[in-house]
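Visitor: Here is what each chain is made of, one letter per residue.
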Amino acid sequence: MDANAEKIPVERTGIDQSLEVKKNTRVKAAVIEDDRKGISMRRKVVIGQMIVGVTIIFLWEFLTRIGWLDSYYWSNPSTIVQTGWTAAIQGTLLQDMAYTSGATIIGFILGTLVGSVIGLSFWWSSLYSRITEPYMIAFNAVPKLALAPVLVIMFGIGFNSKVIMAFLMTVIVAALAAYSGVKSVDKDLEKMLFSLGAKRHHVFMKVVVPSSVPWMVSSLKINIALALAGTIVGEFISSRQGVGRMILYAGQVMDLNLVWVGVIVLSFLSIFMYLGTVWIEKWLLKNRKYQ
Amino acid sequence: MNKLEIVHNSKTFKKNDKEFCALQETNMSIQSGKFVSIIGPSGCGKSTLFNIIAGLLPPSTGEVLLDGKNIVGKSGCVGYMLQKDLLLPWRTILDNVILGLEIRGVHKTEARERALPMLQKYGLKGFEHHFPAELSGGMRQRAALLRTLLYDKDVILLDEPFGALDAQTRLFMQSWLLKIWSDFKKTVLFVTHDIDEAIYLSDEIYVFSHRPGRIKAKVEVDLPRPRNEETLTQASFQHLKKGLLIMLKVEQEIS
Ligand SMILES: Nc1ncnc2c1ncn2[C@@H]1O[C@H](COP(=O)(O)OP(=O)(O)OP(=O)(O)O)[C@@H](O)[C@H]1O
Ligand SMILES: [Mg+2]
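Respectively, the protein sequence lines represent chains H and W.
According to full-length UniProt numbering, the first sequence is numbered sequentially starting from 1.
According to full-length UniProt numbering, the second sequence is numbered sequentially starting from 1.
Simulated from the structure, these hints should not be mistaken for lab results.
Please note that a few of the clues may not be correct.
Stated by the list, open to error - Pairs of lysine to aspartate or glutamate residues, derived as DMTMM-like cross-links and limited to a Cα-Cα distance of at most 20 Å, are as follows: (1) Lys191/H x Asp183/W; (2) Lys286/H x Asp152/W; (3) Lys286/H x Asp183/W; (4) Lys206/H x Glu102/W; (5) Lys191/H x Glu128/W; (6) Lys84/W x Glu61/H; (7) Lys206/H x Asp95/W; (8) Lys153/W x Asp183/W; (9) Lys191/H x Glu102/W; (10) Lys199/H x Asp95/W; (11) Lys199/H x Asp152/W.
Let's have the full structure, built from the sequences with the hints guiding it.
Guide: What follows is the structure in structure tokens.
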């Protein structure tokens with residue numbers, strides 16, 4: 001009887017295994033097919049995107065050359081590249097780029113950190129958070145860009161006022177995001193930690209902060225764009241340096257080619273900083289792929 | 001010697017200015033090293049009672065005595081596994097299990113060294129560095145229970161740990177739990193809806209009445225240990241089961 005009892009499972013596992021193997025190979029084949037599809041799809045997308053980009057630049061160049069678009073207003077790609085090159089070599093374009101991105105990044109980092117700390121701090125006291133929340137929302141609604149003249153007078157026309165602008169643009173968004181994270185913390189997780197003898201600071205560090213990370217991260221992409229907008233407006237109001245100031249100056253002397261250079265440069269800065277936040281996001285969430 | 005005594009505990013919640021009694025006056029005394037089950041209809045206050053014992057919820061009246069000392073409102077005196085597994089999704093299984101040690105101030109590396117052999121011994125070998133979402137329900141329960149065990153208190157409360165598992169996994173987990181219980185010599189309080197499970201595991205069973213909860217009966221289970229699948233078919237097992245079924249049926253009918 002014992003022998004029988006042993007035999008049956010062995011046979012059964014044998015069958016199971018062969019089934020399993022078959023299933024696996026099928027799955028593998030499917031995966032490979034999917035991958036191939038994915039690769040060819042990706043290639044098509046990239047090629048398509050390049051075609052669209054090249055077409056736009058070509059049309060821009062072509063239409064301004066034949067005069068359908070007025071090249072005084074629209075400039076054209078080759079002139080923009082030329083003007084940009086001259087501005088970089090002979091002018092201060094590179095310093096201006098460093099100035100603008102520096103102010104943006106510093107303001108963004110400060111705003112995100114301070115905002116996150118404020119948002120997370122709301123976990124500690126519901127009295128404090130309930131008193132403060134309406135003011136946060138109200139302050140979020142204030143058009144902070146309109147405050148720029150005041151800030152420039154308060155903090156001078158130098159680097160600091162630009163950083164402050166970028167900071168103000170980001171801090172409340174970051175705080176509200178972190179606060180949403182805090183509000184969504186699973187109460188049972190807190191309970192479980194208390195049952196393991198935890199004090200409040202343990203719960204804060206081991207549950208509240210990590211479970212709010214995805215919420216805080218979700219505000220990064222919006223915030224980097226807001227920070228850049230803040231810096232540029234700060235430069236518009238009054239500045240001696242920066243891409244924003246360059247655009248303003250070029251507009252005043254009617255050098256529209258240079259305005260276009262500024263706009264294009266800002267677009268690239270914006271894209272690079274966006275990619276930077278995507279990278280930070282990936283890094284912060286690298287352990288979260290299974291949630 | 002009574003390890004744990006529950007004296008005149010009751011709990012009334014206030015909901016929109018209305019009083020709502022979740023647990024009527026309850027008295028229990030539990031001896032050291034016993035396996036004690038609580039069964040009762042849903043909503044009769046079993047989790048409420050556990051929350052009170054664990055110090056997470058202040059009772060409206062009464063005391064909880066651990067080794068003769070009042071622990072009402074003091075959390076962290078007993079191990080408590082809540083109704084959900086509550087593993088932190090951003091931590092690996094190993095790092096989840098060492099949570100209690102970490103809170104006590106043990107260094108992470110040392111805690112991991114201590115926990116690793118336990119994971120390997122109790123059926124989580126090869127999954128130490130996986131994230132909870134990659135594990136089956138049974139494995140997650142095991143991890144949550146090991147976390148509670150590693151916290152190393154004499155009394156552990158288990159609130160329906162196997163409630164969400166299928167019948168077969170459940171049977172396996174029950175034997176697994178009995179092995180752990182005999183290895184670690186803990187005093188266990190165990191909530192379940194499953195009569196078979198209660199009889200199979202326990203020394204004593206408390207039957208709770210329907211809402212608001214109150215102890216309706218206490219049944220001693222004198223089946224010999226160690227228990228195995230054959231225990232389930234013994235006549236005395238069937239006899240106990242019949243008695244409990246009738247009691248619970250009456251409760252269901254009232255509610
Ligand atoms: N914090 C609370 N506030 C108000 N009422 C509560 C609270 N916690 C539990 N209750 C109520 O107390 C009653 C008992 O709840 P409890 O969770 O203890 O039941 P239970 O016996 O564990 O049920 P189940 O078997 O379904 O888990 C329920 O009716 C529930 O709605
Ligand atoms: Mg319950």
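Visitor: Each hint needs a verdict: does it hold in this structure or not?
Guide: Hint check results:
no.	hint	in the structure
1	Lys191/H x Asp183/W	28 Å, violated
2	Lys286/H x Asp152/W	32 Å, violated
3	Lys286/H x Asp183/W	38 Å, violated
4	Lys206/H x Glu102/W	10 Å, holds
5	Lys191/H x Glu128/W	24 Å, violated
6	Lys84/W x Glu61/H	64 Å, violated
7	Lys206/H x Asp95/W	11 Å, holds
8	Lys153/W x Asp183/W	14 Å, holds
9	Lys191/H x Glu102/W	16 Å, holds
10	Lys199/H x Asp95/W	19 Å, holds
11	Lys199/H x Asp152/W	18 Å, holds
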